[in-house]
Amino acid sequence: MSDRADRPGAPTVFHERRTYRRRRVMDAARVAPILALILWTIPLIWPQSGEGTVSSATALIYIFLVWAGIILLTGALSHLLADEVDEPPDPEP
Amino acid sequence: MSGQVLLIEDEPNIIEAISFILSRDGWTVKTHSNGADAVEMVKARKPDVLILDVMLPGKSGYDILRELREDPEINGLPVLMLTARGQSKDREIAERAGCDAFMTKPFSNADVLETVRALAAK
Amino acid sequence: MSTLNLLVAVCTAYVCFLFLVAFVADRLAMQGKKAWLRSPLIYTLSLSIYCTAWTFYGAVGSAARNGFEYLTIYLGPTIVMVSWWWLLRKLIRIGRTQKITSIADLISSRYGKSSLLAAGVTILAVIGTTPYIALQLQSVTLSFSVFAAQSDGLAGQDQARVALWLSLGLALFTVLFGTRNLDAKERHDGVVMAIAVEAVVKLVALLSVGIFVVWGVSGGLTDALNQIDASEFGEWHTDRSRWAGLIFLSAAAFLCLPRTFQVLVVENDDESHLRTASWAFPLYLCLISLFVVPIAVVGLDIMPEGSNPDLFVLTVPLALGEDGLAMLSFLGGFSSATSMVIVAAIALSTMVSNHIVMPIWLQLRPSGASVSGDVRAAVLTARRISIVGVVMLGYLYFRLSSGGEALASIGLVAFCGLAQVLPAMLGGMFWRGATRMGAFAGLTAGFAIWLYTLYLPSFGVGTILPVSIVENGLFGMAWLKPDALFGISGMDQLMHALLWSMLLNVVAFVGVSLVTFPSPLERLQAAQFVNIFEHSTNARSWSGGTAQTEDLMVMAQRILGAGEAQALFLRHARRQGARGNLPAPTPDFLEALERELGSSVGAATAHAMVGQITGGMAISVEDLMAVADETAQMLEYSARLKEQSEELSRTALELRNANQKLTRLSIQKDAFLSQISHELRTPMTSIRAFSEILRDTDQMSPDEQSRYASIIHDEAQRLTRLLDDLLDLSVVENGQVNLNLRDGTLRDALDRAVSAAAIGDDGVQLMIERDTSREDIVLHTDLDRLSQVFINLIANARKYCDSKTPRLVIRVMKETDRVVIDFQDNGSGIAPDAVDMIFEKFARVSDQKAGGAGLGLAICRQVMTRLGGSVDYIPALRGANFRVVLPYRTAMAAQ
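Chains as they are written, first to last, in this note's numbering: chain A, 1 to 93; chain B, 94 to 215; chain C, 216 to 1110.
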């Protein structure tokens, strides 16, 4: 992976900043599935009976909203990670 | 006029044409179509005039001529060179090799006849 | 027309349409129009192979029975796709660089190319997938009987017949489009395209039913949601362990199922497609599961008590009189079932033929691969038989299980079985310490527990497992009861099996890996897999030297096909800077060759085959350590320096060669001008001399006259010919020539050339050997120009072949993408130093007079270039050997 910032001598301040941004985007891409997993295991702590149970429609809406959010997030990240080798022209969101 | 002409040439049609022209004029024409043993042939035939093509199988006409000129036995033989390569440097090479006359193909029959007569009269 | 007949008609039309799609896609791919065939969109759609009939119909059924649990089946794969950056990207990169053909091949490659592991995973896959195929057949027959029930009913034997015809059709389709190419990396464009189309049909069908139900029946989104709350669903009740367990299970299955692995990794054409699929496939899954609950709720509401909820997608529209919608829904289910069977059959047949049939076949032939028969044909046959076998196994399972309830639950059972591959797979990708013994132990433990606690009980108590074992445990030991291992009871059967099989699998895998020591080859592969992104250069594993390149060539030709093998060897010969066509058997070359072969017959088999020829599996420790060692970076740097200096000296050599060639050409050019002058003046001399003779000579005999006139005539013709040649060359060379493309057979073109050129002006007859039966190839090309090339080659053989009995053999070979025509004579051939000059236009092979001006071959080459082919001189054992190659594009009409 392109650890350009670690290369001696080469990077300018601007360059470093871009590389930094890019590496944080990679971090986000690695964390995204964990986020999805956590959000989708939240229903496990909903009460199963008695007071405060969640209605089916609400549960359904919650799961699909998470889904939509995850799709948008992954789409955005994959867009930002477009060129693995070449630096993206403008990595700033 | 009479006398013997040796024609060294590899193109059968040209051999036939020159033979025809010279025979008509009363020459005895002997022909040979290989360069490799041409010098021996000349020595054996002892012609009055030699007509020599440049591009021959086996040995080029220039080389044959050089050998003839170096051979005291026949170095006075009049030689007419014919070539189909019409560049000026060909004429130079031929003259340096020691030819008496030089003609570029295609030639006029009358010129050939005249040149052979002139060479024989030398 | 009854509903059933209409259904059969629609079905048949749809199947024909799929055949057409696959056929057209294959054709386009063959013509090189791959760009849109292999777009990210198609890749994403092909991933939907994960959604089978079981999810198409079963999701609604599952929702009706177990509430929201069905969602987990889609959430797992979504999470996997979202993990593309650190997981799938690596998997696909490994798949591409190691030329992986299947999941079994992946495991085998990683763990030292072990044939045993490959066979084990293959058996696991076959056992896990067969019931799944049966499930697809069942879903189609069930949906048939739903329609039949409307008209005249469907008897049991009719159901069997539907299933049988369906299996036969699917096997035919798969054999036709799945085994066109041997090389798994050449990919199945037709199949993938058909799958993508089916994916769209599935989605559209389910969405249509969903939209109809929500807006047509329930009366809008809000009403639908209210209806859900009012229904049996009521509040959120979901078994917690199953919710978490099933998310894990479906994620694992998405990675490990042979069919998803096939489309995800093997059929992947471009890593960047993954970027699109990472969000687009979750979107697909989201859409396909969006309306499941509303459909289930409406189904439970309006359908009579006791109707099968698995068929609500079909029965709800039917009950509401929406026959068209029901038909669309039927096609959706049909698509899901057929696409699953097709891809599963391709994936399984690759595994079975590469890891079970081929190793046995090789073992049975002690003489070895290099001398035995045609391996390529054997592999293709093995693969075709495996496809038919796999599909028929599914059919048999369907008949034997008689479509009972047992089948319905088999989907998750199969998931659980294949998930056993996951520890070995992920461990292999991320942990260098994972060993073959560890993988073997883990797989065996997981597989055994799965078999004992889940698979065998799934047939029903007392069917295979005796009642005594279920009640009292194995050998009467209570802690070995299949539903309560170690005395932990009260768990859901699936979760119980999943927990114990995965737990013991991982424990055995890690434990045994820690205590065993890997073989050198394993360590090498481990480094390559785990550090795939750093190691873009390949490791050396073969210490060649004793290998016979010719033997390797013979073997490679049998597996890859003659053309491709030669191209591969030539490429490597050039890269090594070798002068001939055969590269030296360097470790690099052997490694590359093994990969190429591996993509056809699997890594383990390829390794064994190359090993057989190179004389042992010996790997030099130094080579291994160069990659495996932690100081690999240092070595890599020096290797790069060495590579650069090699590159430099290669370039210098090339320059020197080019310079020499230029010098020779310049000399040749002067000579040519002189030659042209000579060639023009000689006939002119005769013409002038004889015309003067005719003009000036009196009293010539008529014989003489006509003789001299005909000499003039002949010489004039000779001049014309020469000028024609010169003009022809300049026209062809400047690309001004108009090709007159039409259809004709190669045989005709050759016939024409032979009759024109076999007998020279001097009457010398050239003996020509042909096999006319192989020449019946219809070409679409400029046949006159092609004949001109043939005439030139034949005439050359006649003029220059110095054998006492000149003979020319014309050999025609049809390959996948080209037609090759060899012209080989029995003379002494062309001197090596003249070979690279003969196609230059100022060149003549020898000084001897041959009536031409050295333009023939130059014209031939220009013509062949214009026709999209080539003509080359191929050094042969004896004689001059010219090879004409026509691309398949021009030859395709022949099919």
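Possibly wrong hints are sitting among the right ones.
Stated by the list, open to error - Below, a list of computed lysine-lysine pairs in the BS3-like style, where the Cα atoms sit at most 30 Å apart:
hint, chain 1, residue 1, chain 2, residue 2
1, B, Lys182, C, Lys876
2, B, Lys152, B, Lys182
3, B, Lys152, C, Lys884
Unchecked claim - Some chain A residues flagged as far from chain C (calculated, every beta-carbon gap over 10 Å):
hint, residue
4, Thr19
5, Tyr20
6, Arg23
7, Arg24
8, Arg30
I should point out that these hints are in silico values taken from the structure, not numbers from a laboratory.
Where is the CB? At the ideal position from N, CA and C, for every residue including glycine.
Outcome of the hint check:
| no. | hint | result |
| --- | --- | --- |
| 1 | Lys182(B) to Lys876(C) | 26 Å, holds |
| 2 | Lys152(B) to Lys182(B) | 19 Å, holds |
| 3 | Lys152(B) to Lys884(C) | 22 Å, holds |
| 4 | Thr19 | 17 Å, holds |
| 5 | Tyr20 | 17 Å, holds |
| 6 | Arg23 | 12 Å, holds |
| 7 | Arg24 | 13 Å, holds |
| 8 | Arg30 | 5 Å, violated |
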